[in-house]
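Asks: Sequences listed follow chains A and B, in order.
Going by my numbering, the final residue of the first sequence carries number 510, and the count climbs one at a time with no gaps.
Going by my numbering, the final residue of the second sequence carries number 503, and the count climbs one at a time with no gaps.
Please keep in mind that the hints were generated in silico from the structure rather than gathered at the bench.
A quick note: this is a predicted structure, and the numbers were derived from the prediction, not measured.
Do not rely on the hints blindly, as some may be mistaken.
[Said to hold, decoys possible] 30 Å max Cα-Cα, derived DSS-like pairs, lysine-lysine:
id	chain 1	residue 1	chain 2	residue 2
1	B	K466	A	K260
2	B	K452	A	K260
3	A	K477	A	K51
4	B	K137	B	K113
5	B	K279	A	K438
[What the hints assert, rightly or not] Far from chain A by the CB rule (all over 10 Å, computed), these chain B residues:
id	residue
6	A22
7	D29
8	Q55
9	P63
10	G86
11	H132
12	D291
13	A358
14	Q408
[As the list claims (entries may be wrong)] If the Cβ cut is set under 10 Å, some of the chain A residues that face chain B in the computed set are:
id	residue
15	T244
16	T269
17	D400
Glycine is no exception: its CB is placed at the ideal position from the N, C-alpha and C atoms.
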Amino acid sequence: MAEFRLLLVCGLLMASSWSTPLWALSLTALRASVFKIQVMSDEPSLIEPWKRMLSSQGSGTGFYIGDGRILTNAHVVANASFITIQRDGDSTPMPAVIRHIAHDADLALLEPLDDAGKKALTELSPLTFGALPRLRTPVSTIGFPLGGEQLSVTDGVVSRVSYRRYVHHGSAQHLLVQVDSAINPGNSGGPVVQGNQVVGVAFQSYAQAENTGYIIPTPVISRFLRDIEDGRYQGHPDDGLTVTDWAILNPSTAAFYRLKQGDGGVKITHVDLWAPTAGLLQSGDIILAIDGQSVGVDGKVNFSGERVDFRVIFDLKLIGDQCRFTVLRDGLRRDVTVAVLPAREHHVTGNIYARHPRYFVYGGLVFTVLSRNLLRTWGDKWYRDAPLALRYLDSFASYDPEYANNQDIIVLVKRLPDAVNAYATGNMFRVVKAVDGKRVGSISDLISALEGGASEYAVIGFMGSQDPLVLSRSQVKARNSVINQKYGVAPDRWLTAADEQPLVPARERS
Amino acid sequence: MKLLIALLLCLNTWIAPASEAAVRSRLEDQVVRLLVTKREVDHSAPWQNEDVTQQAFLAVVLPAGELLTTAYAVANAAFLEIQRFGSSHREEAELIFVDYEADLALVRPVLPKVLLGMKPLPLGEDLPLDAHVDIYKVRDAYQLSYVPGTVQEVGVVMAATSAYTMMSYNLKVQQTGLGWAEPILAHGKLVALTTGQDQNFLRAVPVSMIKHFLNDRHDQNYRGFPALGVELAPLTSPDLRRMLHAGEGEQGVRVADVFAGGAASVGASSSGASTGDGKLQVDDVILAIDDQPVSDQGYVSHPLWGKVPLRLLLNQHFGGDTLRLKILRQERELSLVVNLARFDSNKSPVFAYRYDQAEPHLIFGGFVFQELSQDYLRQWGKDWRDIAPIDLLYLFNSQNRPTADGSQRIVFISRVLADPMNRGYSDIRHKRVATVNGKEVTSIASLRALLKSPVISDGVPYSRIKLGPEGDEVIMDYQNLNAAHSRIAKTYEIKSPTSFFTP
Numbered sequence: 001m002a003e004f005r006l007l008l009v010c011g012l013l014m015a016s017s018w019s020t021p022l023w024a025l026s027l028t029a030l031r032a033s034v035f036k037i038q039v040m041s042d043e044p045s046l047i048e049p050w051k052r053m054l055s056s057q058g059s060g061t062g063f064y065i066g067d068g069r070i071l072t073n074a075h076v077v078a079n080a081s082f083i084t085i086q087r088d089g090d091s092t093p094m095p096a097v098i099r100h101i102a103h104d105a106d107l108a109l110l111e112p113l114d115d116a117g118k119k120a121l122t123e124l125s126p127l128t129f130g131a132l133p134r135l136r137t138p139v140s141t142i143g144f145p146l147g148g149e150q151l152s153v154t155d156g157v158v159s160r161v162s163y164r165r166y167v168h169h170g171s172a173q174h175l176l177v178q179v180d181s182a183i184n185p186g187n188s189g190g191p192v193v194q195g196n197q198v199v200g201v202a203f204q205s206y207a208q209a210e211n212t213g214y215i216i217p218t219p220v221i222s223r224f225l226r227d228i229e230d231g232r233y234q235g236h237p238d239d240g241l242t243v244t245d246w247a248i249l250n251p252s253t254a255a256f257y258r259l260k261q262g263d264g265g266v267k268i269t270h271v272d273l274w275a276p277t278a279g280l281l282q283s284g285d286i287i288l289a290i291d292g293q294s295v296g297v298d299g300k301v302n303f304s305g306e307r308v309d310f311r312v313i314f315d316l317k318l319i320g321d322q323c324r325f326t327v328l329r330d331g332l333r334r335d336v337t338v339a340v341l342p343a344r345e346h347h348v349t350g351n352i353y354a355r356h357p358r359y360f361v362y363g364g365l366v367f368t369v370l371s372r373n374l375l376r377t378w379g380d381k382w383y384r385d386a387p388l389a390l391r392y393l394d395s396f397a398s399y400d401p402e403y404a405n406n407q408d409i410i411v412l413v414k415r416l417p418d419a420v421n422a423y424a425t426g427n428m429f430r431v432v433k434a435v436d437g438k439r440v441g442s443i444s445d446l447i448s449a450l451e452g453g454a455s456e457y458a459v460i461g462f463m464g465s466q467d468p469l470v471l472s473r474s475q476v477k478a479r480n481s482v483i484n485q486k487y488g489v490a491p492d493r494w495l496t497a498a499d500e501q502p503l504v505p506a507r508e509r510s
Numbered sequence: 001m002k003l004l005i006a007l008l009l010c011l012n013t014w015i016a017p018a019s020e021a022a023v024r025s026r027l028e029d030q031v032v033r034l035l036v037t038k039r040e041v042d043h044s045a046p047w048q049n050e051d052v053t054q055q056a057f058l059a060v061v062l063p064a065g066e067l068l069t070t071a072y073a074v075a076n077a078a079f080l081e082i083q084r085f086g087s088s089h090r091e092e093a094e095l096i097f098v099d100y101e102a103d104l105a106l107v108r109p110v111l112p113k114v115l116l117g118m119k120p121l122p123l124g125e126d127l128p129l130d131a132h133v134d135i136y137k138v139r140d141a142y143q144l145s146y147v148p149g150t151v152q153e154v155g156v157v158m159a160a161t162s163a164y165t166m167m168s169y170n171l172k173v174q175q176t177g178l179g180w181a182e183p184i185l186a187h188g189k190l191v192a193l194t195t196g197q198d199q200n201f202l203r204a205v206p207v208s209m210i211k212h213f214l215n216d217r218h219d220q221n222y223r224g225f226p227a228l229g230v231e232l233a234p235l236t237s238p239d240l241r242r243m244l245h246a247g248e249g250e251q252g253v254r255v256a257d258v259f260a261g262g263a264a265s266v267g268a269s270s271s272g273a274s275t276g277d278g279k280l281q282v283d284d285v286i287l288a289i290d291d292q293p294v295s296d297q298g299y300v301s302h303p304l305w306g307k308v309p310l311r312l313l314l315n316q317h318f319g320g321d322t323l324r325l326k327i328l329r330q331e332r333e334l335s336l337v338v339n340l341a342r343f344d345s346n347k348s349p350v351f352a353y354r355y356d357q358a359e360p361h362l363i364f365g366g367f368v369f370q371e372l373s374q375d376y377l378r379q380w381g382k383d384w385r386d387i388a389p390i391d392l393l394y395l396f397n398s399q400n401r402p403t404a405d406g407s408q409r410i411v412f413i414s415r416v417l418a419d420p421m422n423r424g425y426s427d428i429r430h431k432r433v434a435t436v437n438g439k440e441v442t443s444i445a446s447l448r449a450l451l452k453s454p455v456i457s458d459g460v461p462y463s464r465i466k467l468g469p470e471g472d473e474v475i476m477d478y479q480n481l482n483a484a485h486s487r488i489a490k491t492y493e494i495k496s497p498t499s500f501f502t503p
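With the hints as extra help, turn the sequences into a complete structure.
Replies: Below, the structure is given as structure tokens:
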């Protein structure tokens with residue numbers, strides 16, 4: 001539960017209305033390259049996923065990093081339908097588009113839409129990046145927080161370097177740095193500087209503590225910039241490992257593995273089936289080192305002078321890199337080299353950012369995929385109000401042999417009433433397990449099972465229920481187009497990957 | 001004028017009609033207060049008890065000096081006292097008989113003379129819907145007062161003390177604070193006993209169930225209340241009906257699941273011209289039960305109440321009775337006779353109740369192992385079904401089908417009593433135990449046995465305890481176990497040596 005609480009108290013820093021006053025600023029050189037970003041956005045509907053919900057507007061901060069690119073947070077521009085950027089002191093906002101977006105790392109690169117804007121950028125001096133800031137060193141956060149229109153600068157001190165959840169994604173964890181200065185809505189995407197170098201991007205805060213802000217540090221930013229060098233963003237790799245920290249601290253357990261005090265290491269408890277480590281590492285292995293760096297019993301390694309979770313090493317790799325794990329298995333120390341490949345498509349606990357979540361409408365029944373956004377339709381207290389099966393799979397799908405291999409967790413979210421589905425009401429918000437007795441692990445499986453089945457009756461079985469839903473295929477076929485037309489369902493399916501790159505919205509609409 | 005109306009209203013409320021006053025005064029010789037001192041196991045530290053509490057209930061005088069109350073009243077009772085109305089004396093009482101499944105119990109005073117001059121309250125008959133009744137509650141220690149109520153509906157609800165679905169009235173009343181075994185009367189006779197209250201709806205067990213309990217108890221063998229051992233699902237969907245060849249009408253309910261060891265799975269003989277093995281199967285359609293047609297939602301017709309759930313009909317039977325069923329199986333109509341078995345809530349892996357008993361647990365190296373129970377989950381308060389740990393709730397909801405012999409339990413580590421022995425593992429909480437030394441754990445007893453067969457590595461005995469759902473594993477040797485247990489017993493003041501594993 002502690003994990004959930006963490007999510008709940010972390011607020012994203014995107015302002016939901018326009019801002020006002022300012023403070024004087026000595027960092028003249030830097031401020032010239034900082035932009036206020038204003039965004040109109042519309043979000044996909046989770047329950048009627050063929051629709052998008054009406055626009056909202058928000059603002060954040062971004063900064064010029066050269067090559068015509070402005071860096072900001074993904075959450076500032078996610079689901080954007082229209083983006084403008086405005087330099088501090090300039091009178092006119094310029095329309096902009098997303099060039100790359102990394103929802104897992106909460107980073108995005110924008111560029112001006114038109115040539116005039118592009119030209120204007122060439123006159124700016126790009127901000128440059130420094131190293132991971134050391135503990136207790138001072139930093140300044142530059143941005144356009146709520147409460148004023150002009151640029152604001154706040155000073156603080158680096159108070160922690162850790163590996164924690166990025167709220168925008170919902171479950172991905174990466175390196176982050178905690179600072180003790182006030183970071184407020186609107187600061188999102190703004191540079192955090194030390195001297196004249198950027199050491200991070202402000203992105204989230206801890207709502208229940210005052211003056212606690214989090215910044216995305218340079219190792220994560222530079223990984224993003226290297227990732228997109230080939231023109232596409234592939235994302236952080238997922239090691240798919242669950243480990244028990246501290247087990248080796250236990251004298252019995254250490255002795256069982258013939259480890260001496262001080263040997264360190266963490267024990268693997270589970271390897272996800274879809275992970276690049278699957279088949280190479282296994283449950284019971286003790287990870288002693290990663291890329292030659294010793295892993296302590298607390299699961300931490302030395303990283304740029306700080307002690308951080310060993311996973312940071314793997315997490316910062318690019319697809320195609322290699323990672324060397326030194327493990328103890330069957331009493332023998334061995335090196336296992338893992339090729340850092342993209343994970344096989346699988347259900348990811350987290351938020352979906354896509355034009356539409358995957359879905360399929362069959363006989364007026366709306367099937368879509370489990371995600372954090374879907375759970376949030378139960379409100380702020382979704383972690384207690386959402387149906388138990390959905391909450392269970394959100395936490396444990398990858399450990400449950402029945403669902404570990406699913407590409408999607410399929411949920412029946414709505415009935416568009418019609419005679420063919422009149423008896424489906426009791427199955428709302430249940431998880432689809434099988435069709436005609438055959439397991440379905442994705443929306444595409446579901447479509448082929450329902451549309452391709454030869455028998456007259458389609459029998460849809462649900463998780464934890466002995467009461468299947470039976471539909472007449474011939475009647476559904478006869479009614480489908482009538483139902484879809486009546487309720488405005490178009491298209492009746494959406495299969496694009498959950499992590500698709502969003503379209504370039506401004507260009508499409510202008 | 002306003003004052004006068006107020007006065008009239010006031011008088012009206014506390015001067016009851018003469019006949020009611022007479023009933024009440026007579027009733028004060030037919031009902032006693034039952035004062036219960038309760039001592040419940042501390043489910044988060046099962047080697048000790050919660051603080052002692054006291055609760056007051058009512059009990060109805062029956063012939064032969066017996067007193068009727070609810071099982072809830074006597075559950076976890078350490079000490080019982082009765083007090084007659086108009087008297088300040090409290091007399092010790094004892095439990096004679098209890099059926100937790102049905103939420104009914106019998107007690108009596110230790111000294112029979114305590115009831116001298118008291119009269120048994122006659123038992124009435126079941127009431128039709130909308131009938132007006134009088135509910136008698138304690139006004140103060142010396143008097144009864146009366147609350148009018150109306151029978152709003154009759155159905156089946158889970159008994160307060162078990163997982164049995166039991167016939168129950170839902171009464172509309174204008175008062176809260178009821179549900180403590182208050183007698184409900186019509187025409188001066190007992191027609192129901194209250195069992196609980198949600199806002200303005202009062203639940204009460206009808207007198208026919210009380211008679212069932214009392215008559216059964218006066219036989220040599222108590223046979224109890226039965227169940228069919230199946231899960232039923234509505235057969236309303238025309239598509240599902242066509243698939244099961246159940247016809248166009250609205251008759252017949254679908255068998256969705258058949259529980260091991262239940263009546264429907266054990267079966268009896270088939271009868272008449274039909275064939276069949278006397279067992280129900282998934283997708284059978286139950287058309288009639290004891291010649292009563294069953295509707296597509298599992299309702300049958302009752303002479304007094306009209307449409308009632310089929311399970312209400314089962315409440316009228318006894319464990320060991322036979323039941324005639326007409327079913328439809330793969331287009332054929334069959335007649336079946338099934339033996340009904342007495343229902344036992346605790347045949348499901350998650351313990352439904354364990355009153356007046358020690359809670360099975362075992363401490364091994366500071367790890368506290370327990371068997372998952374509803375009482376454990378209830379520690380999360382009234383919203384426990386939403387906020388208890390997700391994995392345990394999921395087990396409760398999905399892994400809780402009754403098993404054949406009812407011995408299967410879910411064992412979990414509730415907490416770790418921190419000690420140098422369990423360094424590194426002290427954060428473990430609410431984790432189910434999957435295996436110990438590679439073998440499945442099905443109860444605290446089986447855990448104890450498995451821990452006695454450790455794996456040997458380098459000549460040292462170890463136990464490997466695998467936890468779910470993530471698959472964490474605890475590895476502990478036995479070398480310093482006794483010393484650790486002495487330390488833990490001292491630090492955490494655990495006085496029962498049987499709480500600890502002994503190699």
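Asks: Could you work out which of the previously given hints the structure breaks and list their numbers from low to high?
Replies: Hint check: nothing fails, all pass.
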